[in-house]
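Take this note's numbering: the final residue in the sequence shown is number 903, and no numbers are missing along the way.
Derived from the structure by calculation, the hints contain no laboratory data. Quick caveat, the model's predicted, so the values are computed rather than measured. Note that beta-carbon positions come from the ideal geometry of N, C-alpha and C, so glycine has one too. One thing to keep in mind: the hints can contain errors.
Taking lysine-lysine pairs in the PhoX-like style, the calculated list, with each CA pair at most 20 Å apart, reads [what the hints assert, rightly or not]: (1) Lys596 to Lys669; (2) Lys284 to Lys596; (3) Lys716 to Lys783.
Pairwise CB distance ranges, derived in the manner of DEER restraints [unchecked claim]: (4) Glu247 to Ser25: 48 to 58 Å; (5) Val613 to Asp735: 35 to 45 Å; (6) Ala276 to Val613: 31 to 41 Å; (7) Pro604 to Ser329: 40 to 50 Å.
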Amino acid sequence: MIDLPIEDELRESYLTYAMSVIVSRALPDVRDGLKPSQRRILVAMNDLNLGPASKRVKCAKISGDTSGNYHPHGESVIYPTLVRMAQEWNMRCLLIDKQGNFGSIAGLPPAAMRYTEARLSAVASAMLDDLKLDTVDFIPTYDEARNEPTVLPSRFPNLLINGSGGIAVGMATSIPPHNPTEICDAVIRLIDHPETSIDELCEIVPGPDFPTGGIICGRAGIRRGYKTGRSTIVVRAKVRVEEMKGNRHRIIVSEIPYQQYRDRVVEKIAALVNSDRIKGISGIRDESDLKEPVRLVIELKRNEDPDVILNQLYQFSPLQDTFSLIFLALVDGKPRELTLKEMLTEFIRHRVTVIRRRTQFLLAKARRRKHTVEGLLLALANIDEIIQTIRTSRTQPEAKERLMGIQCPASMMQRALGDEGFRQFQIERGESDTYTLTSVQTDEILKMRLGQLVNLEQEKLSEEHKQLLEEITDYLDILGSQARVYGIIKDDLEEMKRRFGDARRTQISNEELGNIDLEDLITEETMVVSISHEGYIKRTPASVYNLQRRGGKGLKGAKTDGEDPIEHLFVASTHAYLLFLTTTGKVRWQKVYDLPQLPRDARGRAIVNLLALEPDEKIASCLAVRDFNQEGYYVVMATRSGLVKKTPLEQYSRPKRGGIIAIKLRDEDELVSASVIGPGDEVVLVTAGGMAIRFQESDARPMGRNTSGVKGISLVDDDTVVGMVVAEPDATLLTVCEKGYGKRTYFGPSAGDGENGDDDSEGGSSSARYRTQRRGGKGLRDIKTSARNGKVIAIARVDDQDEVFLMTAKGKLQRISAKDISVIGRNTQGVRIMNIDSDDTLIAAVRIPPEENAEAEAEAAADAADAAEAAARINEAAASESENPDSGEPSDGDSDDV
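Please work from the sequences and hints to get the whole structure.
Right under this line is the structure:
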């Protein structure tokens with residue numbers, strides 16, 4: 006027994022295993038680009054004479070011979086490797102010529118090996134050429150019953166053209182396929198100009214060329230990989246957008262990224278649609294067939310932007326994939342990361358070695374044959390003596406010995422070999438008056454048949470001798486000239502281009518991508534987001550609504566009925582995050598551009614498709630937030646019973662799909678409003694009974710999410726809080742009542758602006774502004790809630806530059822300028838701001854930010870110009886009619902446009 010520390014044993018055993026995996030299984034050789042399993046399959050098929058012109062045999066036979074003769078890891082491992090070398094969507098140039106079901110790009114598995122047949126392709130045959138000419142080293146197989154090559158001669162630059170992938174211990178390789186024509190041209194360029202830089206090589210080889218096509222986004226990743234041996238590239242599917250009837254589009258996918266399967270792409274897109282991660286897709290069909298292996302039709306919903314949907318597909322589905330470039334291969338038996346130039350150089354070095362060894366082998370063979378032919382020619386020149394010697398010998402060894410003793414005059418040798426042949430003979434044997442036959446020559450003479458004694462055979466031998474002399478001279482010239490060796494390599498590559506070269510399949514765009522940011526692809530604009538009582542939501546560009554005067558009837562804003570009035574209306578940028586705070590005190594997170602964009606008269610889509618709302622849960626407020634990491638900013642919430650709560654904004658940055666707690670509500674209470682406030686802000690609460698209270702945000706201490714808050718206003722009778730805004734001294738508080746009346750009143754200065762906040766300036770008298778109070782009081786009278794006005798339904802902070810959306814329960818919407826609403830004192834009834842039908846009521850009033858006003862004014866100006874042009878046409882037509890009163894044609898004034 007020998008005591009051995011276990012850590013030493015583990016270290017030694019693991020390193021042995023690791024090196025075995027690295028060298029003997031997972032990594033390709035830089036010279037032929039093959040792993041041991043692939044190389045052994047090709048060698049076994051070569052042993053079976055399964056060339057491109059032979060009959061295919063069962064893959065079970067191939068796998069069995071490979072396993073039994075060369076590969077020790079079982080036929081179950083061999084067959085998948087064989088299958089992959091026959092799949093045109095995995096290999097740029099196939100190494101196996103298949104017959105039968107070898108799987109499909111859809112992801113279907115191949116048939117069992119007993120059903121499929123295969124033989125070597127022309128590419129594999131080119132890689133095996135000269136294998137028996139001592140071009141490569143051989144080692145014993147695992148059972149030492151035969152020998153196997155350590156590498157193939159490989160006239161075809163397989164590693165870069167077909168690529169390779171594998172995971173070893175502590176390292177991995179991921180070499181993409183390339184275009185065969187480009188790689189051959191790059192090798193030729195490097196042979197002619199060894200100083201060629203990688204940038205110059207990139208002009209010949211712009212990037213990988215995947216068998217499945219696709220589009221590579223950008224060239225920076227490619228060049229970085231070629232220069233350093235490691236990088237990543239982004240590969241996209243090839244698509245086109247087709248327009249359909251009814252303002253609809255469809256996306257046609259004709260090529261998918263490398264190593265993606267068609268069915269997996271369809272399943273992933275379907276899952277994204279079902280989970281509402283992509284909301285604009287109405288259906289997906291697989292129309293692929295034998296002529297078009299990939300044809301996926303993705304139909305979009307009406308009015309959906311195909312560019313937005315396409316980029317969402319790129320971000321979330323396998324239509325865009327990241328491919329790692331790791332140029333790791335075995336160089337002289339050791340793993341090494343290589344640049345593009347180094348890989349090409351290693352192939353050239355291998356081919357130089359192969360050609361030199363092949364030439365040396367052929368030279369030795371030609372010299373042996375020449376030596377034999379010289380003996381036969383000498384025998385024919387002195388045939389009588391040769392025959393007499395053989396006939397008088399008792400045994401064959403005796404005949405051989407006597408033949409070797411025959412002295413052949415130099416003149417006889419010269420007549421037999423010719424002048425040039427005799428001169429070469431003298432160079433090899435030296436100058437002498439007589440020559441004797443060697444052992445090899447006498448053996449061949451003894452094997453001669455009588456038919457070889459005719460004159461015609463002697464002429465053939467003479468011609469063969471001359472040809473052998475020429476071959477030997479050529480072989481010696483090759484071995485003595487590096488240029489000749491490089492010329493042979495270039496000729497081989499030109500032949501490879503002619504036989505296997507084709508056009509590039511993968512496009513390379515100039516669009517450099519990192520992580521896709523949808524916000525960079527979506528135009529930023531202000532949207533009107535509306536939510537109905539039954540939970541239907543939509544977004545519509547604010548610019549589609551024309552500016553009107555106060556007191557108008559408004560436009561049709563949504564298709565509703567008496568049982569589903571519009572309850573909430575929000576205005577936010579497409580790039581904003583929306584925090585949906587519900588009446589049950591939860592908050593959910595959504596992007597504005599993820600909401601369905603529909604026409605202004607559309608009903609919308611069910612909000613349950615966007616937010617996982619509970620049955621008794623409704624949207625109470627919506628906050629538009631661009632940045633959650635704002636120090637000193639809080640979310641202030643107000644409940645119907647008059648409670649307020651202040652929580653840091655950052656605590657709401659990552660809600661879950663099912664929502665997180667925003668405020669802990671008491672029984673029979675619900676959230677009515679929420680706002681984002683900063684340091685020094687003041688909050689104004691307004692009740693349905695027309696009371697208002699203004700207090701500083703510092704009066705409410707910060708709390709966690711799962712808390713109830715503190716009292717904001719003391720309510721009397723059955724009064725309830727209807728809204729909350731953040732006060733601004735120079736702005737006005739808009740108060741709107743349910744019967745279409747409302748008013749504006751200046752907030753007045755804050756508590757810090759002057760003593761006790763009193764100010765006698767315009768809008769600053771005690772009856773025309775809201776003084777700051779302590780939190781929890783009853784407040785001041787904001788508006789008289791008389792029978793004419795009805796209860797307060799909404800409040801908003803507005804300036805003269807702002808505009809206001811008004812919406813009724815029946816879906817009528819009006820856009821008016823805030824400055825058209827009178828600024829009056831607090832304790833007043835206000836003015837009519839919208840005519841309301843007797844069976845309708847106002848339910849929402851929302852401020853529009855000033856940046857949208859310019860768009861509305863431009864649209865109004867365009868409408869005015871169109872009206873002026875129409876009026877001019879009418880006047881012109883009227884004048885024409887007055888000049889031709891008998892004309893039977895109607896004038897423009899009779900048209901429906903007037």
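Here is what the structure says about each hint:
For the proposed pair Lys596 and Lys669, the alpha carbon gap of about 25 Å is over 20 Å, so the pair is violated. Distance restraint check for Lys284 and Lys596: the Cα-Cα separation of roughly 12 Å lies within the 20 Å cut-off, and the hinted pair is therefore satisfied. This hinted pair checks out: Lys716 and Lys783 have alpha carbons roughly 11 Å apart, not beyond 20 Å. Hint check: Glu247 to Ser25, Cβ distance near 54 Å, so the stated range 48 to 58 Å holds.
The supplied range of 35 to 45 Å is met by Val613 and Asp735, whose beta-carbon atoms lie about 42 Å from each other. Ala276 and Val613 have their C-beta atoms about 19 Å apart, which leaves the hinted 31 to 41 Å range violated. In this structure, Pro604 and Ser329 meet the distance hint of 40 to 50 Å, their C-beta atoms being roughly 46 Å apart.
The earlier numbered hints that this structure contradicts are 1, 6.
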